[in-house]
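Given chain A's structure and the hints, the job is docking chain B onto it.
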Amino acid sequence: MNGTIRTPSVLPGFGLTLGFSTFFLSAIVLIPLAALVTKTATMGWDDLVRTLLDPRAVASYRLSFGASLLAATLNGVFGFIIAWTLTRYEFPGRKLIDALIDMPFALPTAVSGIALTAVFAENGWIGQYLAVYGIKVAYTWIGVVVALTLIGLPFVVRSVQPALMEVQRDLEDAAETLGANRITIFRRIILPTVAPAMATGFTMAFARAVGEYGSVIFIAGNLPMKTEITPLLIVIKLEQFDYAGAAALGFAMLVLSFVLLFSINLLQAWGRRHHVAAGR
Amino acid sequence: MSKQPALSIPLGIFCAVGLTLLAACGGSSSDTAGSGAGSHVTLLNVSYDPTRELYRDVNEAFAKEWQTKTGQQVTIKQSHGGSGSQARAVIDGLPADVVTLALAYDIDSIQRKGKRLGANWQTRFPDNSAPYTSTIVFLVRKGNPQQIHDWPDLLKPGIAIVTPNPKTSGGARWNYLAAWGAELRRELHGDLTKLDDPKAAKEVAAAQAGAEKFVAEMYRRAPVLDSGARGATNTFVQREIGDVLLTWENEALLAIRELGPQKVEIVVPSISILAEPPVAVVDTVVDRRGTRQIAEAYLQYMYSPAGQEIAAKHYFRPRNAQVQEKFREQFAPLELFTVDKVFGGWTAAHDKHFADGGVFDQIYKVKGQ
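Just so you know, the sequences run in chain order A and B.
Under numbering that gives the first Met the number 0, the residue at position 156 of the first sequence is numbered 155, and the numbers go up by one with no gaps.
Under numbering that gives the first Met the number 0, the residue at position 187 of the second sequence is numbered 186, and the numbers go up by one with no gaps.
One chain only, chain B, in its complex shape:
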């Protein structure tokens, strides 16, 4: 009796440590899927928030097509959430066969931190691996009482702006960059080519400072920073907070369809950002599970006329010219600039604006003092 407790404490800890290690190793055990005809395959598509409805339809259509073509049954499971946290889940070991996220930076992170796919992932599919695009538009109250038509109107006195937190939401980063780029272009008198012109360096620096002021002022007018795009839509529409919501075009069109056009209406500014939500096959997972062929076919399907049409139906702008033509009335024409052109790519944009101590943090430092 007297010796037992002395032994059981280290024994208990030993067992616990052993089990923890076992659990950690268990994650890498293989679960290979069969790939012959007549068999059944599952794929996991890890995606971001507003694509729930889109991929539900895509999965059904693709499964049907795949079965007629190969005789193989396929079930595609979906997982949705904030783009950044989804990327983290994949890095931490969520066995996603494909990822379809809000911005390239998140897939870059999976590549850099998780080493789960090749560095050239963005060139493996056409159009920067983004089969559909979107942009950032405004949602305003019915009748547009504050007369908000373009970016400069956002800073009219007394306007409250609803946008999510760029630290936690992919959509919010597009909002931020759209505002920055639009103001930058205005300060450069509509000529974004000056960004590449060394002779205009001085003018560009002044314009960048102007854009920073604009964005800082914009966030000073934000009464709430929701953690995701859907949350911000709810704050604006259900809680009736703010005069204007900055959001994805697809989210805005969906909100109008779901909530009725008698409450809110869409305002398309003269210029905005070309949002390219990218897709990629996760190499380490498909090679382990033997699902590469079907995973690639699945993403390729997004580029087919049928896939493009489904995307357009869910208010994502298609790449395919014929499908574009068919849905012409749904998407208002506007000037679009890319992240690469104005910000030198996502990694540069992230490091300058959204990293710890970046421009976004500075905005709130000044505010807090």
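Just chain A, same shape as in the assembly:
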């Protein structure tokens, strides 16, 4: 301690790193996004509105965002349970299950799509039993949710796991000696520590699901108005050499995703403040 108020970082080079950051972000993110906007701008207003509000496009937004939200919610619940099991208990095969969680990251999405379709089609391992009860998964919106759940699962598990490990067991013990029941311990000690990680995992799973193409097209059936996701509609526009239309749909997805993700972040910040206020 030499008395200076500002402590410079151990590693110098703020200017250099910031320069690299902007360079990297520009090349990888900003310039392609700018190209998307310029391509969209080549359309007139009328065309743009017609493309974006076409009933078929609207139906596809509903499916893409609805199924992604549902899948992310399912992952939020079951991902938490899996992360809990993996961090809190020691059992044979734990390492193996832990490694399996990452599989959806590594698998080419087409492979997951084909595998899911094979399992959930009416003659598949699971599909044939569901068919007895009249439940169809493959080639319906349920199939879309299943595919999006698969690819989003690791995001939730991998964000919640480290947070769960940080929950201090002695706090739980202390709470118990002070007479708190299990629900209170979960609500007042575990949940506040894990909630931000849950929200992060949920957001990432959701964002990943919205953009997913490869696995969904195999299981969705791709019927217009029914099981057609927005990314497929974009590919269809490209096949027709309608680059501007494709860019417009891409832009719409970008805006919708941004609004949703931003609201989730706001909600999270509000929740934190609320919790701190309530805790005092």
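Since the hints were made in silico from the structure, they are not lab data.
No residue lacks a Cβ here, since even glycine has one placed at the ideal position from N, Cα and C.
Just to be clear, a hint being listed does not mean it is correct.
Facing chain B, a subset of chain A residues (Cβ under 8 Å, in silico) [stated by the list, open to error]: (1) Arg55; (2) Tyr138; (3) Pro223; (4) Leu237; (5) Glu238; (6) Gln239; (7) Ala243.
Simulated coverage check for chain A against chain B, where a stretch passes if three residues somewhere in it have a Cβ under 8 Å from a Cβ of chain B [unchecked claim]: (8) 109-121; (9) 209-221.
Quick look at chain B alone, frame taken from chain A:
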């Protein structure tokens, strides 16, 4: 320290923009191939989905012939995918020396949007630049339990039809047009010449409306729209979805060979469309790389008896009469109509049926409401 960050942000963006421009220009740098004897040349053939096996054999045979003739070694690289996306890749700069696609419309697009070849490309090789043809047939379950023999049988109650999405699949467009043409001919009592007869205009209009109804009903019975022909074959055969698959004749014959005749069988309708998958040399690429001579010889080889025989072996209908005769038993005889005759060419067919807001989109508009 305080001034550095202010400078690094614009500098970072500047560098990124510079690199992007550099990459964009880099695409046009030339990679000229040698053409003297004893040298080694590569060609890139950009093709559609079901020709994988065909061109593997053609490439090998052609390379052998070219070497004995000129002493030059040639390696032909293949790229396969949906016909439309392959065309887009060429437009966006994939350096294809030759394109061999599913329909003329896709090569027309390369010509119109990419300006990569002359407008007269379809007259440069014989037979509309289509060295082999195919048609659209039905694949049904073993024993034909639903008794599907011809187009009208498709609309029998309870039949589910598997066909890919015409928006993304070239084969699916042939399916659509085959169904339309077959119904049109039925409504015109077998006389397609009425299409050119101004006196029959009223009758033709009624028949067109009937054909539209038929096709709309057909798509109402489709439980899945796969993005490509191969995907649809898998849905039908592996997932056991649907009662009948509409597909290329070559794809159907290949499916029976690969998957065994104990699962599915082929049904050839009384009439179908003459599918002419065209080939073309991409002018801008061969001129830049100096490969025009060999690229033209490669496509010409497809018309030679040897090339025709390879095509027939892969279940494409040959043009050459002698080869046709040799493979007579493989290809069932049926009446065939052309896109030009019934739809006035591919551009007209595309604009009316498959463009945004076209007849195909209308079918689903009504369905969705």
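Within 8 Å of chain B (C-beta), three or more residues of the segment 209-221 of chain A
holds (count 4)
Does the CB of A/Gln239 sit less than 8 Å away from some CB of chain B?
7 Å, holds
Let me know if the C-beta of A/Pro223 comes in closer than 8 Å to any C-beta of chain B, holds or violated.
4 Å, holds
Given as covered by chain B, does the segment 109-121 of chain A meet the bar of three residues or more with CB within less than 8 Å?
The restraint on the segment 109-121 of chain A holds, since 4 of its residues have a Cβ under 8 Å from chain B and three suffice.
Mind checking the CB of A/Tyr138 against every CB in chain B and telling me if the closest is under 8 Å?
5 Å, holds
Should the hint that A/Ala243 touches chain B count as held when the rule is a Cβ pair under 8 Å?
With a minimum Cβ separation of about 12 Å from chain B (threshold 8 Å), the hint on A/Ala243 is violated.
Should the hint that A/Arg55 touches chain B count as held when the rule is a Cβ pair under 8 Å?
7 Å, holds
Hinted contact A/Leu237 with chain B - closest CB pair below 8 Å:
6 Å, holds
A closest beta-carbon separation below 8 Å is what the hint needs, so does A/Glu238 meet it against chain B?
4 Å, holds
Going through the hint list in order, the structure does not satisfy hint 7, though it satisfies all others.
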